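Residue numbers (our numbering), protein chains in the order written: chain A, 4 to 254; chain B, -13 to 467.
Treat the hints as calculated values from the structure; they're not laboratory data.
Keep in mind the model is a prediction, meaning the values are calculated, not measured.
It is possible that some hints are incorrect.
[As the list claims (entries may be wrong)] So, partial list: chain A residues that the calculated Cβ filter (under 7 Å) puts toward chain B: (1) Ala72; (2) Glu76; (3) Gln108.
Ideal placement from N, C-alpha and C gives every residue a C-beta, glycine not left out.
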Amino acid sequence: MLSIKNLTAKIGDKQILNGINLEVKPGEVHAIMGPNGSGKSTLASVLAGREEYEVMAGEVDFLGKDLLALAPEDRAREGLFLAFQYPVEIPGVSTINFMKTALNQILEHRGQQPLDAVSFLKLMKEKMKLVEIDQSLLNRSLNEGFSGGEKKRNEIFQMAMLEPKLAILDETDSGLDIDALKIVANGVNKLRNKSNAVVVVTHYQRLLDYIVPDYVHVLYKGKIVKSGTKDLALELEAKGYDWIKDEVAIA
Amino acid sequence: MSKDNQVLEELTSKEYEHGWTIDIETDSAPKGLNESIIRFISTKKNEPEWLLEWRLSAFRQWTKMKEPKWPNVTYPPIDYQDLIYYSAPKQKAKAKNLEDVDPELIKTFEKLGISLTEQKRLTGIAVDAVIDSVSVATTYKETLAELGIIFCSFSEAVQEHPELVKKYMGSVVPVNDNYFAALNSAVFTDGSFCYIPKGVRCPMELSTYFRINAANTGQFERTLIVADEGAYVSYLEGCTAPMRDENQLHAAVVEIYAMKDAQVKYSTVQNWYPGDKNGKGGIYNFVTKRGLCFGDSSKISWTQVETGSAITWKYPSCILKGDNSMGEFYSVAVTNNYQQADTGTKMIHIGKNTKSRIVSKGISAGHSQNSYRGQVHIMKRAENARNFSQCDSLLMGDKCGAHTFPYIDVENNTARIEHEATTSKIGEDQIFYCLQRGIDEESAVALIVNGYAKEVLNQLPMEFAVEAQKLLALTLEGSVG
């Protein structure tokens, strides 16, 4: 589904990704962990197509397409979803209106008819239930005055609505208490199936108690320096990141 | 960033949709302005003596007045002798019914999406169509007449209801109120007139559509709306003009007179030609709009969506004379390329317990300059007056300007006044968030801008709100740099 080869990227003069290699197959959950400043969020941003980052080398294949050649909106329409670490506020635009615009543009891209009001509402109710979100929140201006938990839950609701092939969750656990974390993780788990994949970007292991990864990768200084199973995450939790840094230094 | 520039380039080069002209024979006055031109206009319109005198007096006062220099706009001096002050599409006589209207004219309005023919009339909206200096057709007149509502062209009102015109014309905007109002009073050619009798709630939206067609012609129309005790009316105004390289002058006057318990809602979607992307051409829009809440508990509400014109100079105002009367002003003013807008409102509180509310949303893009200028004046007698003002500015790109000039005068210490102001920029983060959900950049800007202007757009009648949303998007598409 997603095949990243030797991805190198910079922002301004600062090189942040130094040759990333990663393979993600349908049905898999990958966790990307690493100390602060290791390039986790940059990887998420580069994949989503943020303009500030300049790709210097490497290839990314997404469902048979050259991802890096696609405009950000086309990446989204092809099925790539990014749950933002800091979702932005858009005053005067409700989540409902926002999702309607997004969904219809995605459908149009796929050559499908836009949803009429009734079908949209039906779909929305269904997804609201799935991620346990209240309609009153969806009627409000997008993310304006939302608590941290509400913002993250709203991101997962959007993910449910757009049914992406690949979802990247960027530090979705940051700023969440344990109850909110469970609800968000629960939502993600319900959305998992054999044909989609999730990449969880996180600093801490605790989210991975609820969204159980098939693979864990450790990112350090813009490179994946270690890969393993979920046990690796537990080891990181127990020992911190220093031993990884030491290993890299020795190598 | 180069991609943004490219989008900007593509979209700002998008042509003004209503820029075409029609080829119709016109009957015009020679260029220039003097007493004999005014007599010519008055004769053409077969006006009574008192109206000619009124015009001449306005003209004499105008010659002694000076063009205002205080607005935050710049333009080369206007040569008032180089303009044509009367231009009318040639018609045998004012059409008695729509079948007699020149098919070319009907086609003109159809092209603008306004149907004057019986079969295709806009349901629920009565339209007075004004082209250049004269009204060409008014729809639904008979239906309205059954309720005692008078809705017709200004010229017709002068002939058919001279007592009403004489009584109310100039009662809200005096002849010598300002330079452009005086000019209008001297040379106005047509416009709309509306009278809603006591206790009548007008069952449909009344609408005037203005179109400038002829070259080198100024458009000077007057609208007068009188709402008798307990009456209600919602009034819409729309306008477009051809694309011409030279600037054209539009100086209108709108007067609203509301008696006890009357309510008038006046909505404008202003889409005069704004000039090209280099600032060439476009309409100079110098308009005086004012409502008088004469009776107790009356209410006047202005809603405007200003997207057109090279220069806008316009302050729809309310004089709150009656006790418990209320004035509202909701505005979205958009400027792009080299447009300049100096717009806002005046709320003059005279009566007790008077209330006013101002919501102004400015949006500047390109090299444009957008100013809000507003006055809230609480007079001595206005016990317990209240005002709330909110002035927001949204900037797109880094070459435009947004300015706010609020004036507050309070002569009664029981007044309560609130003023809020914000300035923001459309963030790249907001755009990227939309892109990441599959929404393209144009739609993203439209979404964000419409969200920003929502409070004002919500005030518009449904049919207009949809148009206004599209217009906002069209004016601003790709302006994020």
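Next on the checklist: For each hint given before, does the structure comply? Return the numbers of the non-compliant ones in rising order.
Outcome noted: Checked against the structure, the only hint that fails is number 1, while the rest are satisfied.
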